[in-house]
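Now for the letters of each chain:
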Amino acid sequence: MLTDIKNDNGTAVAVLKGEIDHHNAKSLRTELDHYIVTVQPERFAIDFGGITFMDSSGIGLIMGRSKLMKECGGSLEIRNAQPYIKRVLRLAGVERIVKVM
Amino acid sequence: MEVLNSIKFTMPSLSVNESTARAVVSSFLIQCDPTVEELSDIRTAVSEAVTNAVVHAYRGTTGDIELTVRLLRNREIYIRVKDKGCGISDIEQAMQPLFTTAPEEERSGLGFSVMESFMDRLSVRSVTGRGTTVIMRKRLSGNGK
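For the record, the sequence lines run as chains A and B. Going by this note's numbering, the first sequence opens with residue 63, and the numbers climb by one from there. Going by this note's numbering, the second sequence opens with residue 200, and the numbers climb by one from there.
What the hints contain is simulated information worked out from the structure, not anything from laboratory work. Keep in mind that the hints are not guaranteed to be accurate.
Said to hold, decoys possible - Computed list of lysine to any residue pairs in SDA-like fashion (alpha-carbon distance at most 25 Å, straight line):
#: 1; chain 1: A; residue 1: Lys79; chain 2: B; residue 2: Thr261
#: 2; chain 1: A; residue 1: Lys88; chain 2: B; residue 2: Arg324
#: 3; chain 1: A; residue 1: Lys132; chain 2: B; residue 2: Glu305
#: 4; chain 1: A; residue 1: Lys129; chain 2: B; residue 2: Val254
#: 5; chain 1: A; residue 1: Lys88; chain 2: B; residue 2: Glu201
As the list claims (entries may be wrong) - Incomplete in silico selection of chain B near chain A, CB under 7 Å:
#: 6; residue: Ser214
#: 7; residue: Thr219
#: 8; residue: Glu291
#: 9; residue: Thr300
#: 10; residue: Glu303
Claimed, not checked - From chain A, some residues computed to sit far from chain B (all C-beta separations above 10 Å):
#: 11; residue: Val101
#: 12; residue: Met116
#: 13; residue: Ala154
Note that beta-carbon positions come from the ideal geometry of N, C-alpha and C, so glycine has one too.
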């Protein structure tokens with residue numbers, strides 16, 4: 063799921079691959095939270111370019127990480143979400159809370 | 200309801216079977232030649248319904264989830280997800296966007312909203328202590344192969 067965390071001009075970018083559902087969201091959440099709490103990046107991005115499926119479990123994942131980033135004094139953005147995933151994000155109103163690029 | 204083809208599939212309420220259910224539905228729908236968007240919509244709706252059964256119906260236990268997919272006339276897809284879990288005491292409340300009984304698991308409370316948005320029709324029947332049945336329908340575009 064989490065294939066890499068790279069630095070892009072000061073933004074830590076978590077690169078994901080595969081499908082996000084309830085089953086695998088939990089382990090992904092643990093990995094992302096570990097990085098955020100340990101490194102405390104000012105800007106954190108999740109790259110959805112390699113995600114081929116996402117249901118509302120992904121919304122919980124994004125909103126939870128957004129909350130954690132705010133608690134750590136940083137911000138979260140979503141990158142490279144495919145149109146289908148953007149539909150799910152729009153339905154949940156995620157774009158009002160998290161920057162979606 | 201004239202049924203042209205159908206499958207019935209029963210699986211234990213293990214979270215790993217959320218993707219199994221999606222795979223089964225995708226395989227069955229290949230014969231209908233859906234668009235990428237239609238297939239994504241149906242896969243997502245099925246994933247939400249099955250996840251509800253895993254997370255809520257059989258919370259702390261395991262039971263069977265029955266998935267039925269039917270191809271009807273005029274390229275209409277009928278999907279039923281049935282469990283024999285705890286049931287929903289207040290369906291209207293459960294279907295409210297953002298309502299969840301599992302915030303600690305970061306459940307967004309959007310499962311039914313996604314099903315409603317991505318499918319043409321959604322009905323939910325439930326009896327407390329006996330289980331829940333979710334029925335969804337969606338008409339595919341085009342004429343198929």
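Hinted pair Lys79 of chain A and Thr261 of chain B, Cα distance within 25 Å: 29 Å, violated
task: Against chain B, does Val101 of chain A hold up as non-interface, every C-beta pair farther apart than 10 Å?
output: 21 Å, holds
query: Holds or violated: Lys88 of chain A with Arg324 of chain B, Cα cutoff 25 Å?
result: 29 Å, violated
- prompt: Against chain A, with CB atoms and a cut of 7 Å, does the hint on Glu303 of chain B hold up?
  reply: This interface hint is violated because 11 Å lies over the 7 Å limit.
query: Holds or violated: Lys88 of chain A with Glu201 of chain B, Cα cutoff 25 Å?
result: Violated. Lys88 of chain A to Glu201 of chain B sits at ~41 Å, over the 25 Å cutoff.
task: Closer than 7 Å between Cβ atoms is the bar; does Thr300 of chain B clear it against chain A? Give me holds or violated.
output: Violated: closest Cβ of chain A sits about 13 Å from Thr300 of chain B, beyond 7 Å.
query: Holds or violated: Glu291 of chain B as interface residue toward chain A, Cβ cutoff 7 Å?
result: 19 Å, violated
Least C-beta distance between Ala154 of chain A and chain B, which was stated to exceed 10 Å: Not fine: 6 Å to the nearest Cβ puts Ala154 of chain A too close to chain B.
query: Taking the closest Cβ pair, is Thr219 of chain B under 7 Å from chain A?
result: It is violated, given that the least Cβ distance between Thr219 of chain B and chain A is near 10 Å, above 7 Å.
field: Pair hint Lys132 of chain A and Glu305 of chain B, alpha-carbon separation not exceeding 25 Å
entry: The hint holds at about 16 Å.
query: Going straight from one Cα to the other, do Lys129 of chain A and Val254 of chain B come out at no more than 25 Å?
result: With Cα atoms ~23 Å apart, Lys129 of chain A and Val254 of chain B stay inside 25 Å; holds.
- prompt: Is the Cβ of Met116 of chain A farther than 10 Å from every Cβ of chain B?
  reply: Not fine: 8 Å to the nearest Cβ puts Met116 of chain A too close to chain B.
Hint compliance for this structure: hints 1, 2, 5, 7, 8, 9, 10, 12 and 13 are broken, all remaining hints hold.
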